[in-house]
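Protein chains: 4
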Amino acid sequence: MTAQTETTHWILTLSCPDGPGIVHAVAGMLAEHGGNITESQQFGDPYSGRFFMRVQVESAASREDLVSAVTPLAARFDMTWNLDTAGRPMRTLLLVSRAAHCLVDLLYRERSQHLPIDVVGVVGNHRDLEDIAAFYDKPFHHVPVTKDTKPQAEAALRELITGTGAELVVLARYMQILSDEMCRDHAGRIINIHHSFLPSFKGAGPYRQAHDRGVKIIGATSHYVTGDLDEGPIIEQDVERVDHTHTIDDLVRIGEDTERRTLARAVRWHAEHRVLLDGHRTVVFR
Amino acid sequence: MTAQTETTHWILTLSCPDGPGIVHAVAGMLAEHGGNITESQQFGDPYSGRFFMRVQVESAASREDLVSAVTPLAARFDMTWNLDTAGRPMRTLLLVSRAAHCLVDLLYRERSQHLPIDVVGVVGNHRDLEDIAAFYDKPFHHVPVTKDTKPQAEAALRELITGTGAELVVLARYMQILSDEMCRDHAGRIINIHHSFLPSFKGAGPYRQAHDRGVKIIGATSHYVTGDLDEGPIIEQDVERVDHTHTIDDLVRIGEDTERRTLARAVRWHAEHRVLLDGHRTVVFR
Amino acid sequence: MTAQTETTHWILTLSCPDGPGIVHAVAGMLAEHGGNITESQQFGDPYSGRFFMRVQVESAASREDLVSAVTPLAARFDMTWNLDTAGRPMRTLLLVSRAAHCLVDLLYRERSQHLPIDVVGVVGNHRDLEDIAAFYDKPFHHVPVTKDTKPQAEAALRELITGTGAELVVLARYMQILSDEMCRDHAGRIINIHHSFLPSFKGAGPYRQAHDRGVKIIGATSHYVTGDLDEGPIIEQDVERVDHTHTIDDLVRIGEDTERRTLARAVRWHAEHRVLLDGHRTVVFR
Amino acid sequence: MTAQTETTHWILTLSCPDGPGIVHAVAGMLAEHGGNITESQQFGDPYSGRFFMRVQVESAASREDLVSAVTPLAARFDMTWNLDTAGRPMRTLLLVSRAAHCLVDLLYRERSQHLPIDVVGVVGNHRDLEDIAAFYDKPFHHVPVTKDTKPQAEAALRELITGTGAELVVLARYMQILSDEMCRDHAGRIINIHHSFLPSFKGAGPYRQAHDRGVKIIGATSHYVTGDLDEGPIIEQDVERVDHTHTIDDLVRIGEDTERRTLARAVRWHAEHRVLLDGHRTVVFR
Numbered sequence: 001m002t003a004q005t006e007t008t009h010w011i012l013t014l015s016c017p018d019g020p021g022i023v024h025a026v027a028g029m030l031a032e033h034g035g036n037i038t039e040s041q042q043f044g045d046p047y048s049g050r051f052f053m054r055v056q057v058e059s060a061a062s063r064e065d066l067v068s069a070v071t072p073l074a075a076r077f078d079m080t081w082n083l084d085t086a087g088r089p090m091r092t093l094l095l096v097s098r099a100a101h102c103l104v105d106l107l108y109r110e111r112s113q114h115l116p117i118d119v120v121g122v123v124g125n126h127r128d129l130e131d132i133a134a135f136y137d138k139p140f141h142h143v144p145v146t147k148d149t150k151p152q153a154e155a156a157l158r159e160l161i162t163g164t165g166a167e168l169v170v171l172a173r174y175m176q177i178l179s180d181e182m183c184r185d186h187a188g189r190i191i192n193i194h195h196s197f198l199p200s201f202k203g204a205g206p207y208r209q210a211h212d213r214g215v216k217i218i219g220a221t222s223h224y225v226t227g228d229l230d231e232g233p234i235i236e237q238d239v240e241r242v243d244h245t246h247t248i249d250d251l252v253r254i255g256e257d258t259e260r261r262t263l264a265r266a267v268r269w270h271a272e273h274r275v276l277l278d279g280h281r282t283v284v285f286r
Numbered sequence: 001m002t003a004q005t006e007t008t009h010w011i012l013t014l015s016c017p018d019g020p021g022i023v024h025a026v027a028g029m030l031a032e033h034g035g036n037i038t039e040s041q042q043f044g045d046p047y048s049g050r051f052f053m054r055v056q057v058e059s060a061a062s063r064e065d066l067v068s069a070v071t072p073l074a075a076r077f078d079m080t081w082n083l084d085t086a087g088r089p090m091r092t093l094l095l096v097s098r099a100a101h102c103l104v105d106l107l108y109r110e111r112s113q114h115l116p117i118d119v120v121g122v123v124g125n126h127r128d129l130e131d132i133a134a135f136y137d138k139p140f141h142h143v144p145v146t147k148d149t150k151p152q153a154e155a156a157l158r159e160l161i162t163g164t165g166a167e168l169v170v171l172a173r174y175m176q177i178l179s180d181e182m183c184r185d186h187a188g189r190i191i192n193i194h195h196s197f198l199p200s201f202k203g204a205g206p207y208r209q210a211h212d213r214g215v216k217i218i219g220a221t222s223h224y225v226t227g228d229l230d231e232g233p234i235i236e237q238d239v240e241r242v243d244h245t246h247t248i249d250d251l252v253r254i255g256e257d258t259e260r261r262t263l264a265r266a267v268r269w270h271a272e273h274r275v276l277l278d279g280h281r282t283v284v285f286r
Numbered sequence: 001m002t003a004q005t006e007t008t009h010w011i012l013t014l015s016c017p018d019g020p021g022i023v024h025a026v027a028g029m030l031a032e033h034g035g036n037i038t039e040s041q042q043f044g045d046p047y048s049g050r051f052f053m054r055v056q057v058e059s060a061a062s063r064e065d066l067v068s069a070v071t072p073l074a075a076r077f078d079m080t081w082n083l084d085t086a087g088r089p090m091r092t093l094l095l096v097s098r099a100a101h102c103l104v105d106l107l108y109r110e111r112s113q114h115l116p117i118d119v120v121g122v123v124g125n126h127r128d129l130e131d132i133a134a135f136y137d138k139p140f141h142h143v144p145v146t147k148d149t150k151p152q153a154e155a156a157l158r159e160l161i162t163g164t165g166a167e168l169v170v171l172a173r174y175m176q177i178l179s180d181e182m183c184r185d186h187a188g189r190i191i192n193i194h195h196s197f198l199p200s201f202k203g204a205g206p207y208r209q210a211h212d213r214g215v216k217i218i219g220a221t222s223h224y225v226t227g228d229l230d231e232g233p234i235i236e237q238d239v240e241r242v243d244h245t246h247t248i249d250d251l252v253r254i255g256e257d258t259e260r261r262t263l264a265r266a267v268r269w270h271a272e273h274r275v276l277l278d279g280h281r282t283v284v285f286r
Numbered sequence: 001m002t003a004q005t006e007t008t009h010w011i012l013t014l015s016c017p018d019g020p021g022i023v024h025a026v027a028g029m030l031a032e033h034g035g036n037i038t039e040s041q042q043f044g045d046p047y048s049g050r051f052f053m054r055v056q057v058e059s060a061a062s063r064e065d066l067v068s069a070v071t072p073l074a075a076r077f078d079m080t081w082n083l084d085t086a087g088r089p090m091r092t093l094l095l096v097s098r099a100a101h102c103l104v105d106l107l108y109r110e111r112s113q114h115l116p117i118d119v120v121g122v123v124g125n126h127r128d129l130e131d132i133a134a135f136y137d138k139p140f141h142h143v144p145v146t147k148d149t150k151p152q153a154e155a156a157l158r159e160l161i162t163g164t165g166a167e168l169v170v171l172a173r174y175m176q177i178l179s180d181e182m183c184r185d186h187a188g189r190i191i192n193i194h195h196s197f198l199p200s201f202k203g204a205g206p207y208r209q210a211h212d213r214g215v216k217i218i219g220a221t222s223h224y225v226t227g228d229l230d231e232g233p234i235i236e237q238d239v240e241r242v243d244h245t246h247t248i249d250d251l252v253r254i255g256e257d258t259e260r261r262t263l264a265r266a267v268r269w270h271a272e273h274r275v276l277l278d279g280h281r282t283v284v285f286r
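Chains as they are written, first to last, in full-length UniProt numbering: chain F, 1 to 286; chain L, 1 to 286; chain H, 1 to 286; chain E, 1 to 286.
Isolated chain F, as found in the complex (with noise of 0.2 Å):
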C-alpha cells in the first residue's frame, strides 16, 4: 500500500461571527489534513462584528474528508462556508438584449482562458447577438419578454438555470427588471453591470442623466441583484474622465469600456470565490 500523493487546490471560504481562535481553529483543522496554505485572508468587520476568510490550500485529502472536517468547525462557530476546488471554471447563464460588447468581452475572455466561467449558454430577449453566441459555440437561447409574457418568460430563464446546472446567471446588459422571488431564489447568485457610478443614476437612461447633471466623470457598477433595483451590494466600480465635449452617445461608447471591464472583474472575482456577503455590502479578497 502506498501513500495517495495526488494532492487538490482547494478553496474554502467562510464567515462567522467575530471572535478569538477562529484561524487557529482552520489553519489547525487544515494541518491535520495535510494541508499547505498557499493563498489565505482574513477580515473582522467592526461595524457587523463577523468574521470572513479565504484560503487557498494544497491537500491530498478528499472533499469528504474536508468537508467531514469542516461541518464540526462551522457549527462551532456558526459558519456558513463553502469548499471548491481551485480553478474549476463555474458553469455560467449569460442574459443579454442588443448591446454587444458585455457578451463579446466575456465569452473571449472565457476563450482565451482569462476568465475561470464554463458559458453554458446565452439568452436573449432579442435575437441580434445570435451570431456572436455561434462564433463562441454556445447555445443561443431567445427567450421574448413583453408585459404580458414576463411571467412565462421567467419561468423558461429558471427552466434553463436549472437544465444548464447555472451556478452564476450574469445580465450582461440584458435591460430586464427580474422578478423578487427570481432575485431571493438565487440570491448571492445573479450579477448585474449597471451602466453609471451607482448610487449616482439610477433607473433607466444613466448617461442622459450624466450628461444633464454634467458629470466630469462617468462609471459602471456590478453588483449583485437583489428585489431593490440598483440596490444590490456593489462588487466592483469603475470610472472614466469625461467632459464637456463629449455627447450622450460619446459617453455611451466611453461608458462601453468601463462597463465590459467592471463586468469582467466583478465576474472573475466571483468565479474565484473571492466575493463574501456582508450584509447589503462585500468583502471582496481580491
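Because the hints were derived from the structure by calculation, they are not lab data.
Be aware that a few hints might be false.
The list treats identical chains as one, so a pair stands whether inside a single copy or across any two.
Here are the simulated SDA-like pairs of lysine to any residue, each with C-alpha atoms no more than 20 Å apart in a straight line [to be verified]:
#1 202 to 213
#2 147 to 39
#3 150 to 227
#4 202 to 212
#5 202 to 230
#6 147 to 180
#7 147 to 125
#8 138 to 165
#9 202 to 248
#10 147 to 247
#11 202 to 231
#12 202 to 134
#13 150 to 112
#14 150 to 176
#15 138 to 156
As the structure is a computational prediction, the values presented were derived from the model and not from experiment.
Place chains L, H and E on chain F using the hints.
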C-alpha cells in the same frame, strides 16, 4: 516717435448663441490690434446651442482699445464676455471651519506660485485654523455662526468680501450653508468642495453614507455654489479606490487627498478663466 | 438657378512655423467659403516653435474649392496640411500574430461603429486568428515570416498595402520588426502597441522585466513606428495598478486590457486626424 | 490575585522559506497567548520561494512573553521577524533640500494624525525650509553638503540619526546621493521619492526627460535607498495624465502632487510594518 513695444498677454473669454462667423470676427478684431494668439479654444454645445471661446493673445493694445473693439462684437453676437491679463492672481477669500487640509493646501500652492490666486483673507467660524493663516501672513477673521446669528454672520461676510475686494470666495470645507440671496448675488464666484462624488451622497456625512452603501470608489466634487444645495454646476471631480477594509475614518483620511486636489484644480481653472457657465453645466477649457 | 444647399463636414489639419495671423487667415479663408466652424483647436509649441491647428468646418464648398483656397495659405505660412471629410472611415490594414485581444477589440469596435476605420484586411504571420477575421467578414492574408523570408514577406506586405489602398497600418501585437525602409516609406502611417509603459522595458518580454523590477503599475504605449525600435512618437499611454501577488501571467492578462484600450484610442485619434507630428513628439487634439 | 485584563494590539511581521505548517504554528502560538487575530495577511512568492506574513493581534501577553514564544518558531522556520505595538508612531528623520512640497505634506499629515510617524527632526542642506520646520515645532539641522564636505556631512547625518533615535529616514526631495556605506548600514530604513515613473527617466532632470520623450503620463516612485542609484526596491508608484500643452514647468507642478501622495503612502505603509523585503522587490500588505 517710436512704436510702443511693450506687450501684454490677455485672456478673452466669451459665450454667445452659436452661429457662423464668430471665430473669424474675433480673430479679425484681434489681428487688427496686432494680437498674436498663443492659445485658443472653442466649443459649440449642440444641446444648449451656445458657443464658448477662450483666447489668450499677446498684444501691445491697451485695455481701453481692446474693450472698445470687443464691445460692438459682443453686441452683434449677443456675447457675455470677460477680458483679463494672463497670470494676474485673483483676489480670493477662503472660508473655513475646523478641517485644515484644504486651507493648508491652497495656501501652500499660492506661496509656491503654483496657483494664480492672491488670498486676501481667511474667514473661520471657529478659531482652530488661525495659526495656519498666521504662518502664511494672512489676516484671519473669526465669524462665528449660530442659528440665531446667521444673518449677522452673512452680513459680516459680505462686508469682508467688499472690504477685501475679493473676486472669488472659496468654501474650503466651510460646512455652513449660505443663504439663497448670498448665492444669487455671487453666482459663479463662490466655489465649494463637496466630499462626495456628486450626485451620490448629497447632504451631511457623505463618507458615512458611502461606507453604508459599500461603494468601491469614493470621490470629491468641486462646484459653483447655488441656492440649490449640492446641485451647483460641477467644475471638477476626482476619485480614489477604497475597499471593505476601510473604516469611515479611513474614508475621511483618504478623501482629504481627493478633496484638496479636486478643489485646487477647480480654483486654478477658475482663476485662469478656463471655466465658463453653460446653464447648470460648465465648459472647462483645460 | 438655385443655391447649392448640401453641406459637408470637413476636417482641416495643419502645422507650420508659429507666428501672428495664422488663425485669422485660416478663419477668414473658411468664412469666405461659407464655412461654419464647429470645432477648432490650436497649439503653439514653445519648444519647437511650431504651430498646430485642427479645425472642423461645415461648408457647401467643394473639395476643389477648398484645396484651391488652402494652397496659397499653405505656401504663405509654409504649412504641412491635410483635408478630409469628417467621419470617413479610414482604410486600415491590421497586422497580427497569435495574440487575439487587440484584433478582437478593433474589429468589434469597427462593427459597433465606435471606431471610424474600414478594416480592409488582416495579415497574420500565423494562421491562429483566421477564424476571427472570417467572423467579421475580413479577408485574411497569411504572410509567414522567417529570418530568410523576411524581405519577401515585406514585399508581400507592401503589395497588400497598395492593393487594399490602406491608409493606415496597425500592428495589433504583430511581434515582427519592420525594416527601416518600410518604416520610412510609411512614416506616420503605422501604429504599434507596445506592452509596456515606454520608455520603461523596451524590447522583448516587458511584463517579465516589469515583474523583475517589482513595479507597482504596468502600462501600454501606442506609438508611430520608426526605424528606431520602441522610440517612435508616442500617441497614447495607459496604466493599471498591480501588486506583489501578481505573477508574470497575471501581468500579461491584466496588460491585455490596457493594451487594447490604449491602441483603440490611438487608432481613433489618428483616424479622426487628431494626431499631429511635432518632431518626435505628438500633438493630440482630443 | 486578579487576572491582567489590559490588552495590547501587536503587529508581528515575518518572512521565511515557504513550506507547510507556518500559519498553523504562528496561529497556535498566538492562541496560546490569548491572542485575538484582528488582521492577518500571508503571501507565498512562487518566484523567490519565500513566505511572508503580517498579523495584527490583540493580547494581554507581555512583550517578553511574546518574544520568548516567537524565538523558537523563528529558529524552526528560519524566520526574519519583527514585533511592534500597533499605532506606535515611528521615529522619523526628514531630509530636505529646497523643494517644500513633500516636507509640508508629511508634517501636515503627522499633525493631523493621519500618518503614524513622530518626526524627530528635519535636516536641510539649505536653510530654505527652516520656517516650515519651526511652524511645526520641529528642530531644524542645517547640514550643508559640498563635494569636499560630503564625508563630514554624512558623519553629521549619522550622528543625528543616532542622537534622535530615528528608526526611519525619509529623503523628502533631498537631492543628495548617499554613500554606499550609508545605504548598506541603513538598508530598508531609508525611503526616497524619485520624481519619475521608474525605471523610466533615472538620474537627473526626469521631468525634462519625460517632456523630451513626449510621454502622456508622468509618475513618481517611492523606494528604499540602496547603493545602486534609483534601483532600490519599489514601495509605491503613482501617475498623472499629461498632454502636449504641458511645459516642463507644468510637469514639475503636476508632479509635486504625485510625489507627495506617493511618498506619504510609502511612509505610512512602512511605519505600519506593511512593507516586507522580498529580494529587490517588496511585498506590501495594504
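A quick look at each hint next to the structure:
1. 202 to 213: This pair counts as both: shortest intra-copy Cα distance 13 Å, inter-copy 14 Å.
2. 147 to 39: neither (48 Å within a copy, 45 Å between copies)
3. 150 to 227: Answer is within; shortest intra-copy Cα gap is 16 Å, inter-copy 45 Å.
4. 202 to 212: Both, since 14 Å and 17 Å are each at most 20 Å.
5. 202 to 230: both (6 Å within a copy, 18 Å between copies)
6. 147 to 180: Answer is within: at 16 Å inside a copy they meet the 20 Å cutoff, but 46 Å across does not.
7. 147 to 125: Only inside one copy: residue 147 and residue 125 sit 12 Å apart there, 52 Å across copies, limit 20 Å.
8. 138 to 165: within (15 Å within a copy, 37 Å between copies)
9. 202 to 248: Within one copy only: 16 Å inside, 24 Å across.
10. 147 to 247: Neither: 32 Å inside a copy, 44 Å across copies.
11. 202 to 231: both (9 Å within a copy, 17 Å between copies)
12. 202 to 134: Classified as neither; 33 Å inside a copy, 40 Å across copies.
13. 150 to 112: Neither. Shortest intra-copy (35 Å) and inter-copy (29 Å) distances fail the 20 Å Cα cut-off.
14. 150 to 176: within (10 Å within a copy, 50 Å between copies)
15. 138 to 156: Within. Shortest intra-copy distance 18 Å satisfies the 20 Å Cα cut-off; inter-copy 37 Å does not.
In summary, the structure is inconsistent with hints 2, 10, 12 and 13 from the numbered list given earlier, while agreeing with the others.
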